[in-house]
Amino acid sequence: MSEITPETVKHLAELARIALTDEEISVLTGQLGAIVDSVAKVAEIATPDVPATSHPIPMANVARPDVPGPTLTPEEALAGAPESDGSRFVVSAILGEEP
Amino acid sequence: MTPQGHGADLTRLTAAELGELLAAREVSAVEVAQAHLDRIAAVDADVHAFLHVSGTALAAAAAVDAARGDGERLGPLAGVPIAIKDVLCTRDMPSTAGSRILEGWIPPYDATPVARLRAAGLVPLGKTNMDEFAMGSSTEYSAFGPTRNPWDLDRIPGGSGGGSAAAVAAFESPVALGSDTGGSIRQPSAVTGTVGVKPTYGGVSRYGAIALASSLDQVGPVARTVLDAALVHDVIGGHDPRDSTSLPERWPSFAEAAREGALADSLRGVRIGVIAELDSPGFQPGVTQRFHEALGLLTSAGAEIVEVSAPHFDYAVAAYYLILPAEASSNLAKFDSVRFGLRVTPPGGGTVEQVMAATREAGFGPEVKRRIILGTYALSAGYYDAYYGSAQKVRTLIQRDFAAAFEQADVLVSPAAPTTAFRIGEKVDDPLAMYLNDITTLPANLAGIPGLALPMGLAPEDGLPTGFQLMAPAREDARLYRIGATLERLLLERHGPILAAAPSLGH
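Protein sequence lines correspond, in order, to chains Z and P. So the first sequence is numbered by the numbering used here: it starts at 1 and just counts up by one. So the second sequence is numbered by the numbering used here: it starts at 1 and just counts up by one.
Because the hints were derived from the structure by calculation, they are not lab data. Glycine is no exception: its CB is placed at the ideal position from the N, C-alpha and C atoms. A couple of the hints might just be wrong.
Quick look at which bits of chain Z chain P covers, simulated, 3 or more residues with Cβ under 8 Å [unchecked claim]:
1) 12-25
2) 82-89
Simulated restraints, written as ranges between beta carbons of each label pair [stated by the list, open to error]:
3) I94/Z with A381/P: 19 to 27 Å
4) Q34/P with D85/Z: 50 to 58 Å
5) I305/P with N61/Z: 40 to 48 Å
6) T73/Z with E407/P: 48 to 56 Å
7) G496/P with E83/Z: 55 to 63 Å
8) I106/P with V67/Z: 26 to 34 Å
Hey, can you work out the whole structure from these sequences and the hints?
Here it is in structure tokens:
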């Protein structure tokens, strides 16, 4: 059985930056445990001699010609932002108050 | 009745037929667009295929009419309406991917497939509903309410692209764009009686498609005929320097392949591989029955049926539900409350991390949270090799299964979905049951190969559509259209047009 505990889910939610409620953590603990138990069987056939595939049709070093093209204007880039000062995104405070 | 006296409702015509009438100036693009907008107004309160109906469709249609009036050379679909899955960025319409976190967001650019269909004179009717960020098989995980199956409004239209499939099945649009990460074009087509194609990975640009899992996502057409799907594919496909995974090769005309297939005796000597693992006794009996009847039609038309085995497909769902959440948890990190979309500040304020966490808590629905947490787990230190690393190895084994099978067969076939449409609410609280809906479709995504779903008749036990899936080696999309068009003709001779049996809807 999987080792998914409410503490695991709480930690993962912090890593993923989602402020889950206690009820969500409780529901997800059970669901995630069942899902992880079900998908863990990939390890049965993933022997060391099998190479990993990250991309179905791999292509290496894809680059377009280094020629300037059209770009978004600052207005366009900022149009969907929750907050901006007209030329920059406004970010919430990076640091909390000192205790 | 149309003013021209065709006798038929313009919404019942295929895109190819509309294109010909438009080219002959027997109807105007404005009339065609208006007929579809009227149909949307009449039925979409029930079906809820659309999240947004374009306010500029008539103006776009009028521009096509004007260009035609000026004698411009126009493509075969100029003036034909199209619906666009809400996962694709459109600079004149909100693009939400079915999520609250992007509610009302209007992108500053068009996705490449959208830009190409505009350039070809297609008329966007609006944006179609979908499971949030394309995570789901029923469209029930849309933050804006489910889409209903036009065949039975109490049933799901498949997912994630249930809106596009339902819009086409309900004659709200002749064609639509979808995206397919594990079956999100083909499974909705199977359960709505429509045609859907997932092209070869890299065959259609992903630029401007809001990413779910970048190594699996592919944009493709939804239609009522194989030819219409091919016509749309011809417009949206081909190399795009803005997508580094876009294949650089030149593609043949898929419409030409479909036309050849519809006329020619294209099945003589063709080896059709039935994948034993996807012809399962666990599938709905009516699906299996129609599938074997279709195989009989192929045999009688000269094809050779061979049974092939893909032993590692039994691990495909497990590998998929590790790879997809891993990639999704990374892709969805961009929803950070800073650059676009929602921002929710916790009571009393907070740091950017706290604002981000509150925003993502409020903006994401349950399936999205589930998969982000699962993906974060699969990628975390100590588990990476056992889960994500192993899943990538399974992906190699599945590719090898396909390679071996294509040694024995020209195309591989299976039912496109294991059941007909299930009832709304039936699986929404059981993620594992929901994940099994993709069992027939997701191997193609893991391997990057193209797949086509087309209707193969109604299941006798419930009278609902069933779908047949064709798969071809990577880059052989034309083979799907050629053989698909032949099978479509054989099935049409046997069953008549499937959608003619659907409820008429409207009041």
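Evaluated hints:
no.	hint	verdict
1	12-25	holds (count 11)
2	82-89	holds (count 3)
3	I94/Z with A381/P: 19 to 27 Å	25 Å, holds
4	Q34/P with D85/Z: 50 to 58 Å	44 Å, violated
5	I305/P with N61/Z: 40 to 48 Å	43 Å, holds
6	T73/Z with E407/P: 48 to 56 Å	53 Å, holds
7	G496/P with E83/Z: 55 to 63 Å	58 Å, holds
8	I106/P with V67/Z: 26 to 34 Å	29 Å, holds
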